[in-house]
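Chains as they are written, first to last, in the working numbering: chain A, 42 to 277; chain B, 42 to 277; chain C, 42 to 277; chain D, 42 to 277.
To be clear, the hints were calculated from the coordinates, so they are not data collected in a lab.
Some hints could be false.
No copy labels: a pair is met if it fits in one copy or bridges any two.
As the list claims (entries may be wrong) - Restricting the straight-line Cα-Cα distance to at most 27 Å, the calculated cross-link-like pairs of lysine-lysine (DSS-like) are:
id: 1; residue 1: LYS155; residue 2: LYS61
id: 2; residue 1: LYS44; residue 2: LYS159
id: 3; residue 1: LYS61; residue 2: LYS248
id: 4; residue 1: LYS224; residue 2: LYS44
Protein chains: 4
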Amino acid sequence: MSKPDFSNLSAVFVNCTLKKSPRQSHTRGLMDVAANIMVSEGVTVQHVRFVDHEIPPGVQPDMTEHGYAKDEWPGIYDKIMNADILMIGTPIWLGERSSEASKLIERLYAMSGKTNDKGQYIYYGKVGGCIITGNEDGVKHCAMGMLYALQHLGFSIPPQADAGWIGEVGPGPSYLDEEANAKENDFTNRNTTFLTYNLLHLARLLKAEGGFPAYGNSREAWDSGSRWGFANPEYR
Amino acid sequence: MSKPDFSNLSAVFVNCTLKKSPRQSHTRGLMDVAANIMVSEGVTVQHVRFVDHEIPPGVQPDMTEHGYAKDEWPGIYDKIMNADILMIGTPIWLGERSSEASKLIERLYAMSGKTNDKGQYIYYGKVGGCIITGNEDGVKHCAMGMLYALQHLGFSIPPQADAGWIGEVGPGPSYLDEEANAKENDFTNRNTTFLTYNLLHLARLLKAEGGFPAYGNSREAWDSGSRWGFANPEYR
Amino acid sequence: MSKPDFSNLSAVFVNCTLKKSPRQSHTRGLMDVAANIMVSEGVTVQHVRFVDHEIPPGVQPDMTEHGYAKDEWPGIYDKIMNADILMIGTPIWLGERSSEASKLIERLYAMSGKTNDKGQYIYYGKVGGCIITGNEDGVKHCAMGMLYALQHLGFSIPPQADAGWIGEVGPGPSYLDEEANAKENDFTNRNTTFLTYNLLHLARLLKAEGGFPAYGNSREAWDSGSRWGFANPEYR
Amino acid sequence: MSKPDFSNLSAVFVNCTLKKSPRQSHTRGLMDVAANIMVSEGVTVQHVRFVDHEIPPGVQPDMTEHGYAKDEWPGIYDKIMNADILMIGTPIWLGERSSEASKLIERLYAMSGKTNDKGQYIYYGKVGGCIITGNEDGVKHCAMGMLYALQHLGFSIPPQADAGWIGEVGPGPSYLDEEANAKENDFTNRNTTFLTYNLLHLARLLKAEGGFPAYGNSREAWDSGSRWGFANPEYR
Chain A
42 MSKPDFSNLS AVFVNCTLKK SPRQSHTRGL MDVAANIMVS EGVTVQHVRF
92 VDHEIPPGVQ PDMTEHGYAK DEWPGIYDKI MNADILMIGT PIWLGERSSE
142 ASKLIERLYA MSGKTNDKGQ YIYYGKVGGC IITGNEDGVK HCAMGMLYAL
192 QHLGFSIPPQ ADAGWIGEVG PGPSYLDEEA NAKENDFTNR NTTFLTYNLL
242 HLARLLKAEG GFPAYGNSRE AWDSGSRWGF ANPEYR
Chain B
42 MSKPDFSNLS AVFVNCTLKK SPRQSHTRGL MDVAANIMVS EGVTVQHVRF
92 VDHEIPPGVQ PDMTEHGYAK DEWPGIYDKI MNADILMIGT PIWLGERSSE
142 ASKLIERLYA MSGKTNDKGQ YIYYGKVGGC IITGNEDGVK HCAMGMLYAL
192 QHLGFSIPPQ ADAGWIGEVG PGPSYLDEEA NAKENDFTNR NTTFLTYNLL
242 HLARLLKAEG GFPAYGNSRE AWDSGSRWGF ANPEYR
Chain C
42 MSKPDFSNLS AVFVNCTLKK SPRQSHTRGL MDVAANIMVS EGVTVQHVRF
92 VDHEIPPGVQ PDMTEHGYAK DEWPGIYDKI MNADILMIGT PIWLGERSSE
142 ASKLIERLYA MSGKTNDKGQ YIYYGKVGGC IITGNEDGVK HCAMGMLYAL
192 QHLGFSIPPQ ADAGWIGEVG PGPSYLDEEA NAKENDFTNR NTTFLTYNLL
242 HLARLLKAEG GFPAYGNSRE AWDSGSRWGF ANPEYR
Chain D
42 MSKPDFSNLS AVFVNCTLKK SPRQSHTRGL MDVAANIMVS EGVTVQHVRF
92 VDHEIPPGVQ PDMTEHGYAK DEWPGIYDKI MNADILMIGT PIWLGERSSE
142 ASKLIERLYA MSGKTNDKGQ YIYYGKVGGC IITGNEDGVK HCAMGMLYAL
192 QHLGFSIPPQ ADAGWIGEVG PGPSYLDEEA NAKENDFTNR NTTFLTYNLL
242 HLARLLKAEG GFPAYGNSRE AWDSGSRWGF ANPEYR
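Based on the sequences and whatever the hints tell you, model everything.
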């Protein structure tokens, strides 16, 4: 099996931990496993720790136009737009993704009126995945919401696009804690590996194709009256 | 913009309504909008109304080996395996997908130990999407769970892989009811169209590639010791 | 602290495992912990293993009126109506409650047009809780959906009305498997205990009060024009 | 039917809109319907618009001890602790509660190590509900997560503790927009009324009882070895 060349790809890893740098983030610990694979494959990887930035809540592209003194979102958005892959990482709190992860998705959503030069939604052609850590429960629930948002916004989702680690139910050690021995968890290691390579494969494929053809999915074309094979429903 | 050729693709539409034939299924009504587009593009489309078949609950490939007299799942599984695209349709009950939709996912999951000839999980290379109808609320919640399950099992999810229709909150007419006037809902029509074409584009692309390369995502290779770029996490 | 008298209370435990009797149900294992507490407190406890009964899908009170030869739901509904407490147990499959649990909720919902002698929805005055087991992830997600459904249907939910057990992420032993050592999990034991007693306390309180007063929540009164303190919204 | 006296009760309404004052909040519009009922019944009602306050993310009681210059959470927490009822309001973004609602729940959760004078978790004896508005979909999904969090933290949830308004699927007017005509939605008005009165009934009942008896649910007693009727599981 030949090794594909992923060296023209780039990825942004946005860590939605609630802890500012330089505090240890367990989520970053697992994100690094994926990032290290990408780096070893020649992919350009950038990291953003969302909570380190001054990013107001809101659903407008730039909140400085809506009463906030500062908004670092536009710079982060540019990073995401310049990358082929978006990996969202989140810790779990009470079974849910962090409020920072929700704020990230709200801000991504705020740009969703934009379209690319084919008239498609702006994130078409990019791929997305997620990494989740906690100490007791909720990997899948968090993944459901984040992958849903990503695909709804226009990202493509390859197979097994979520990976995570949690311990046995109840309070306990977190991912990077020695006593968790999480680095020996074969399931987490395998899923993180498959997630990473599937993001790379799909990003590479879509990049080679120049993204999705605009036939049947261009918002601008729809608004101009194109319908392709769509026919108004007849009721029986 | 040239029109791609989708004529070598095939799709299975599984309607998870709780109502047996020949009762009217509103979900089928919206599924037909997508199916009709596919047919107009030369795609081979098959429909399965899950509740019309005798399919026991369970997470084994064939429940006749576990105490049930009859199990029509293996035949439906074959249809799904022979198709490039799986579209799941569900009504909404109390904000959730139907129990039939859950049973379908359980039975899909029951096959997930199988691998293809590259050693990848069996659904790799296929694409999945969903269509949801109700009369008041829950399209996105149902989509979250179903798209999550599909990608976790190995399906790829193109952009905007969910479409649906609901009316204003509270009891009211359903999709096919004249007074709902749902067929004029531009949002539903557009989303259903984009969903359909994005499934076709991604299925076509993956089919042309022979599915995903096995580099970095083969369960059999992992179990045999392959790790590709994965390195055991070092903690800092 | 005096010990309350719970001996006039009754509870129904509905186990939504996918496995028919006499196969071992891990979920039943944890449900028994709660049931044993109740029995030790003099509560009358009945168990129903949902999958052992012939219960068609559907949202009608009696599906024999809708084309099915048999429907054991009405008898189970009577048991639930004769009890003060409903405990739903479910295994987790792909992060979700079982299709049997969904079918149970659909059938409970099918009765929601009924009202009691105060004109309130039929389940008012009863309390509900849930128990979830799996081997890797999803207790909270399953609890979210089931407790939501219960309260929406009219059940009251006491504090910490969910308990469960899962192991570390990934495949592994289930609740009753010796090597899981789940019976020593202090978190699960404590949560199961608190869940159980909180159901008893709230059920006892509501029973002593004769359920909820009908002031402000009677469907029949609303339909007859009662509005109590509600005033039609004025917009500003 | 006599009218209960609710005049010794108090409630805090926390609006988790993403919009700062004085911008119009549609969610506040529907919250006012509930608040007005409470005021008409003599209940003391306070409003908090979460986004108007400087509240860092985090899961510590006071984030000024963790690197933030300011944290208004402790004052809001005091308001919640002094009230019998907590009503959370949220808008819907991409089918989910707002990031502000998630931050509120994270901060509530940060206090969950505290116990009352019976050794129970600190929110025992309080009741909680939620109000959700959006323009297209997601009331139930948002309610599932918020009611789950509330009960898990120790709040009690009365019947039908969620109310909301959304329009037909797709973009459209919001709750307070004249053309939505939402104030005539009988379902929303009725649910909001029942939600409000059920919160009042249960809060009144629990207040009269002095909260929950500590028998079987005191964290401190459990930690000191009390087990009440709990017996360590025997496996069969």
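*For LYS44 vs LYS159, is the C-alpha pair at or below 27 Å within one copy, between two copies, both, or neither?*
Classified as between; 14 Å across copies, 32 Å inside a copy.
*Within, between, both or neither, where LYS61 and LYS248 count as close if Cα-Cα is 27 Å or less*: neither (34 Å within a copy, 41 Å between copies)
*At 27 Å max between alpha carbons, let me know whether LYS155 reaches LYS61 within a copy, between copies, both or neither.*
between (31 Å within a copy, 25 Å between copies)
*asked:* Reference check for the pair LYS224 and LYS44, CA-CA at most 27 Å: within, between, both, or neither?
replied: Within one copy only: 26 Å inside a chain, 47 Å across chains, cut-off 27 Å.
In terms of the numbered hints stated before, the structure departs from hint 3 and from no other.
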